[in-house]
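Participant: Listed in order, the protein sequences are those of chains A and B.
If you read the first sequence in the working numbering, its first letter stands for residue 27, the second for the next number, and so on.
If you read the second sequence in the working numbering, its first letter stands for residue 7, the second for the next number, and so on.
Calculated from the structure, these hints are not laboratory results.
Check each hint, because a few of them may be wrong.
Said to hold, decoys possible - Simulated restraints on C-beta separations:
id, chain 1, residue 1, chain 2, residue 2, range
1, A, M326, B, K92, 49 to 59 Å
2, B, N134, A, V57, 24 to 34 Å
3, A, N150, B, F21, 47 to 57 Å
4, B, Y76, A, L272, 51 to 61 Å
5, A, D290, B, G113, 25 to 35 Å
6, A, Y274, B, G113, 45 to 55 Å
7, B, E15, A, V54, 51 to 61 Å
We treat Cβ as the ideally placed atom computed from N, Cα and C, and that holds for glycine.
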Amino acid sequence: MRLLFYLLQKEFRQVFRNKPIIAIIFIVPIVQFLILPLAADFEIKNINISLIDNDRSSISKKLINKITGSGYFRISSIDNTFNKALKKIEAEESDLILEFPANLEKNLLRDSNQKVLISINSINGIKANLAGFYLINIINEFNKEMQTELSPNFQNEKGIDICSLDWFNPNLNYKIFLIPGLLAILVTLVGGFLTALNIVREKELGTIEQINVTPIKKWQFILGKLIPFWILANLVFTNGLILGYLIYDIVPQGNLLILYGFIDIYLFAVLGLGLLISTISETQQQAMFVMYFFMIVFIMLGGLFTPIDSMPTWAQYFAYLNPVKYVIETIRLVMLKGSNLEDIIPQTIAIFFFAVIINFLAVLNYRKTT
Amino acid sequence: MDNIIIKTENLTKRFGTFFAVRELSFEVYRGEIFGFLGANGAGKTTAIRMLIGLLKPTSGIASVAGFDVYKEPDKIKEKIGYMSQKFSLYEDLTVLENLRFFGGIYGLKSETIKSKSAELIKKLGMENIARKLIKELPVGWRQKVAFSVAVFHNPAIVFLDEPTGGVDPIVRRQFWDMIYEASESNITIFVTTHYLDEAEYCNRISIMDEGVIKALDNPSELKKKFDVDSMNDLFNLIARKKLLPDYEKTLQFYY
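Isolated chain A, as found in the complex (with noise of 0.2 Å):
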């Protein structure tokens, strides 16, 4: 135990010297919160529209007026024919035509009934589904008014009022999704990256091979190596969660103890990952490489921006392997539901064997002899 201490010692001198290190752990995951969730939202404004209203009435201004008046969208060009706003959407000038036909105030106040032409730019395939989702919402509304208004009288012969109440995130702010899953995402980064540059980065300058000749026994060295980034991590967990109340004003439902607790489990998970990646890299380039390829994977596959319900079932079944996608969904769970022991006892148990699997071929893969 005296062993670990001089290890540890040394460690935390070096790290506390190191200033690029410091900066990385505190001032990443500032900029992390303060941009990320701003840019990187699902949510889509200044949708541009290209207008063709051959009708040009009272009733299609109120319509574009009630469009324009959502927030989401705005007319970037009028134009007289289709021809000439398929040049605008080509030009990505716009994103959508809308038009129009002659006669929609007489066909609408004669027929109660009229179309009119929605052509969008799926290129962004999620854009175009929100777009198009959103505009017809506006139409449908406008439906309504214009029952009310023409037919006081006439009750409407609706049947079921669909009416949703959004829990856990009233007010569908994506803001509040996407934190704990940054958060998620910080400790994984600096958790693994940390561990395996900083092994391999000994081994490089070669004095790895300077404790390797003296008799300190290979499970000393790595807790040696763990416990300094396991310490580190939770810094910046902590930091992230302050991070995260003070900008965003999230304060974790569950217990913070829960949080901790899985947490550092999942911990020894990246950091025994960081481990064998070092183990198998000669060079800080390599050592990187490799982490970079299983945190892409992890991440895009993880749930962090994209639902993993709504991924293809090979990829729902990936998942399983995925450490980051239960961490993401854990630290959600416990944050914004406030979720109890019982209730991520299924995460727990994975993120363990994760841990374990991970740490045992690191410690086999680990030597003292080449």
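Starting from the structure of chain A, add chain B where the hints point.
Facilitator: Just chain B, lined up with the frame of chain A:
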């Protein structure tokens, strides 16, 4: 037998089809300064790495400080110090912190580390640099500190792999003074070097070539045996004889 501290028999290391060390058999006696000479690539470092437990031999027998290199590498590691060819102290720690760290992982007590460090710093006149980071020190000082770290825990043997590479003659002199001092306190010295004048400082030397020991004795006996005047001639005769024609060819090519 008790007097023998390192013993190898047919010690061999093969990388694929290349024999880095081929059937090496020699003995090193307790307390002596043993010079391990050879041109670059002769297999010196490979041999050392096998003796100190960093590299598994392909075949053969070797024991260091009475322990078998296959079975008891950790016992060996308690008894040896090592100074690598590649400088391997922590450059972002100070002299004192390096001493403390390595002393600590060799199991020395905190008070022992403190008193030994103070003693060492006084002896080497390092009062001004003891609290400086290693990376701020000139090469000569770094090498002296590295040697001090290698013998800090009082090992039975210290392995020095080209300890004076890139160091000026004055520091080399001082460095050899330190080696003698360690030798006087009963530490066996196993040293590789390129500098043939340094070979004269050793009690016995071996000259290695292509993974094989070509000569082994004390320097004056060797000179007599091979009928040469200086270590330089001896080394040329043994280790450079095949290099020389190449060297001349190269010269002809250029002139």
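Participant: Decide, hint by hint, whether the structure agrees.
Facilitator: We went through each hint and held it up to the structure:
1. Look at M326 of chain A against K92 of chain B: about 40 Å separates their beta carbons, and that is not inside 49 to 59 Å.
2. Distance hint check for N134 of chain B and V57 of chain A: the Cβ-Cβ separation is about 42 Å, which falls outside the suggested range of 24 to 34 Å.
3. Between N150 of chain A and F21 of chain B the C-beta distance comes to about 55 Å, which sits within the given range of 47 to 57 Å.
4. The hint said 51 to 61 Å for the Cβ distance between Y76 of chain B and L272 of chain A, and at roughly 60 Å that hint holds.
5. Take D290 of chain A and G113 of chain B: their Cβ atoms lie about 30 Å apart, and the range 25 to 35 Å holds.
6. For Y274 of chain A and G113 of chain B, the Cβ-Cβ distance of about 51 Å falls inside the hinted range of 45 to 55 Å, so the restraint holds.
7. One distance hint, 51 to 61 Å for the beta-carbon pair E15 of chain B and V54 of chain A, holds here, with the actual separation near 57 Å.
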